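*Asks:* Those protein sequences? They're chains A and B, same order as listed. Number 41 in UniProt numbering belongs to position 41 of the first sequence; there are no gaps in the numbering. Number 23 in UniProt numbering belongs to position 23 of the second sequence; there are no gaps in the numbering.
These aren't lab readings, by the way, just hints derived from the structure by calculation. Incorrect hints may appear among the rest.
One side of the interface only, derived from the structure: several residues of chain A facing chain B at Cβ under 10 Å [said to hold, decoys possible]:
id: 1; residue: Glu92
id: 2; residue: Asp128
id: 3; residue: Thr133
id: 4; residue: Leu175
id: 5; residue: Leu208
id: 6; residue: Thr224
Derived pair list, reagent style DSS-like, types lysine-lysine, alpha-carbon separation capped at 30 Å [what the hints assert, rightly or not]:
id: 7; chain 1: A; residue 1: Lys160; chain 2: B; residue 2: Lys160
id: 8; chain 1: A; residue 1: Lys149; chain 2: B; residue 2: Lys149
id: 9; chain 1: B; residue 1: Lys137; chain 2: A; residue 2: Lys160
id: 10; chain 1: A; residue 1: Lys103; chain 2: B; residue 2: Lys103
id: 11; chain 1: A; residue 1: Lys72; chain 2: B; residue 2: Lys149
From a predicted model like this one, the values you see are computed outputs, not experimental measurements. For each residue, glycine too, the CB sits at the ideal point set by N, CA and C.
There are 2 protein chains.
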Amino acid sequence: MSAIITICPYSVPASRASWYQPITIGLSKMPTLYQADLSPFAARIRIQLRAKGIDSFDFVLPPGGLGSDEYKAINPTGKIPFLDLDGTGIAESAVICEYIEEKCPQPSLLPDSPEARAQVRLLVQCVDMYITTPMFKTIPLLEQGESAKEALGLLLAELKAGLGYLNEYRNRSGLAGERYAIGDQLTLADGAIAGALFFVINFAEAMLGLEDAVPADLRELYETLKDDPHVAEALNEIHVAAEAKRAGG
Amino acid sequence: MSAIITICPYSVPASRASWYQPITIGLSKMPTLYQADLSPFAARIRIQLRAKGIDSFDFVLPPGGLGSDEYKAINPTGKIPFLDLDGTGIAESAVICEYIEEKCPQPSLLPDSPEARAQVRLLVQCVDMYITTPMFKTIPLLEQGESAKEALGLLLAELKAGLGYLNEYRNRSGLAGERYAIGDQLTLADGAIAGALFFVINFAEAMLGLEDAVPADLRELYETLKDDPHVAEALNEIHVAAEAKRAGG
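Let's have the full structure, built from the sequences with the hints guiding it.
*Replies:* Quick look at the structure:
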């Protein structure tokens, strides 16, 4: 028995309705996506699935929690998201996104031309290498106080530089859209950028003293990205999960 | 005038000769690849171009050197490789590789099935996120001596964990080839792995006391990858460049 990836019509923008088609993934069970609402990496996948009208992935919390031995038996790094494909699996959000694009190409979250696709992938890679990597390394250091001050300073400089790279790459691409990162439709870059900037703007700026680290063009992009319903929904899920975490201690 | 990407017949394996075809890239000048022989990231691109028989990219050293203001005007991170496409450009080796695959698909360095392609991309991402990132961060710390000992220890633990992730992901894919990382032909994963392991095995092990950090399966893969002529040529270029750097100071 193969799982049929079904289409949820409520999420189809009118301009893209003709692109939707039922897609079969040849698996004996539904794909399981290990994820959590708080994760900006998982948010990318949720944005992508909804933009494509795919609503049949099983969303599952990592058993034992992030980084637990129980979950590392599933994904060696202990990170989310992880897409379990009936035995084998795919880790790393950027890789999962490319896989979903290949399996369910329409509506595409990559532009048509190889040059524009490369610019989308460059922005995604830039977020992964130069923004989220230093940003999330600050968390354990914050608890160490004074003794970690120097290490923290280096990470903040990295993060600030990373935000600059992202802005520069987008501006130099010659393809910056008015509402989206590249071009005039939602791409994989938008999910990556929105998730990362949510954490920079809502947490890193205040907690790490990073005011003015987000270049004006990027901040403006972040505000317009919120007008996309799939981005808005994912960011709201992060917000709700963050509030719940804060309330729980 | 468009640049014609020419085919160099000497590099065509007999089994793939029928795949070769002249490819036109619509640019008014030859693509310029900023690179250096010592870089494992640039080595991936050299391996890919030769495997495809493309010999018309201009290889150029970064003007002013890596990280210089002069070169950052070209690529904001100051890193190589960077592919200049007649005005705009593409940074990050993983992104450049995907672009070259899209422009010049044959012979492909990605497998046919989306599942196997995802495993190749996962290994590339794993090298970029968890191996080369901590490894090259150790260099400035080595010069700081005792004061950087704790930070160095953390990076080495990260690097060791990263080598474990790479090995695990490959073994769990169910697609590990006998001569190549995934399947039985050269893929983008092989270039990434070979370049990174060259530095781990030839420098990090001795300089950083990292003996036994490379899992046996990975070490065996590294040895068999050297039988691929394009991998061997790129690794030799790294070796020659490293010797020259050592001799020069």
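*Asks:* Against this structure, judge whether each hint is valid.
*Replies:* Results of checking the hints against the structure:
Interface restraint check for Glu92(A): the shortest CB-CB distance to chain B comes to about 5 Å, inside 10 Å, so the restraint holds. Against a cut-off of 10 Å between C-beta atoms, the interface hint on Asp128(A) holds, since the closest Cβ of chain B lies about 7 Å away. The criterion of a C-beta within 10 Å of any C-beta in chain B is met by Thr133(A), whose closest approach is roughly 7 Å, and the hint holds. The criterion of a C-beta within 10 Å of any C-beta in chain B is met by Leu175(A), whose closest approach is roughly 8 Å, and the hint holds.
About 19 Å separates the beta-carbon of Leu208(A) from the nearest beta-carbon of chain B, more than 10 Å, and the hint is not met. The interface hint given for Thr224(A) is broken, as the beta carbon of that residue sits about 23 Å from the closest beta carbon of chain B, more than 10 Å. Between Lys160(A) and Lys160(B) the CA atoms are separated by roughly 27 Å; this keeps the pair inside 30 Å, and the hint holds. Distance check on the hinted pair: Lys149(A) and Lys149(B) sit about 16 Å apart at the alpha-carbon level, within 30 Å; holds.
A threshold of 30 Å between alpha carbons decides the hint, and for Lys137(B) with Lys160(A) the separation of about 17 Å falls inside it, so the pair holds. Annotation: proposed proximity of Lys103(A) to Lys103(B) holds, straight-line Cα distance about 21 Å (limit 30 Å). At most 30 Å may separate the alpha-carbon atoms for a hinted pair to count; Lys72(A) and Lys149(B) meet this at roughly 28 Å.
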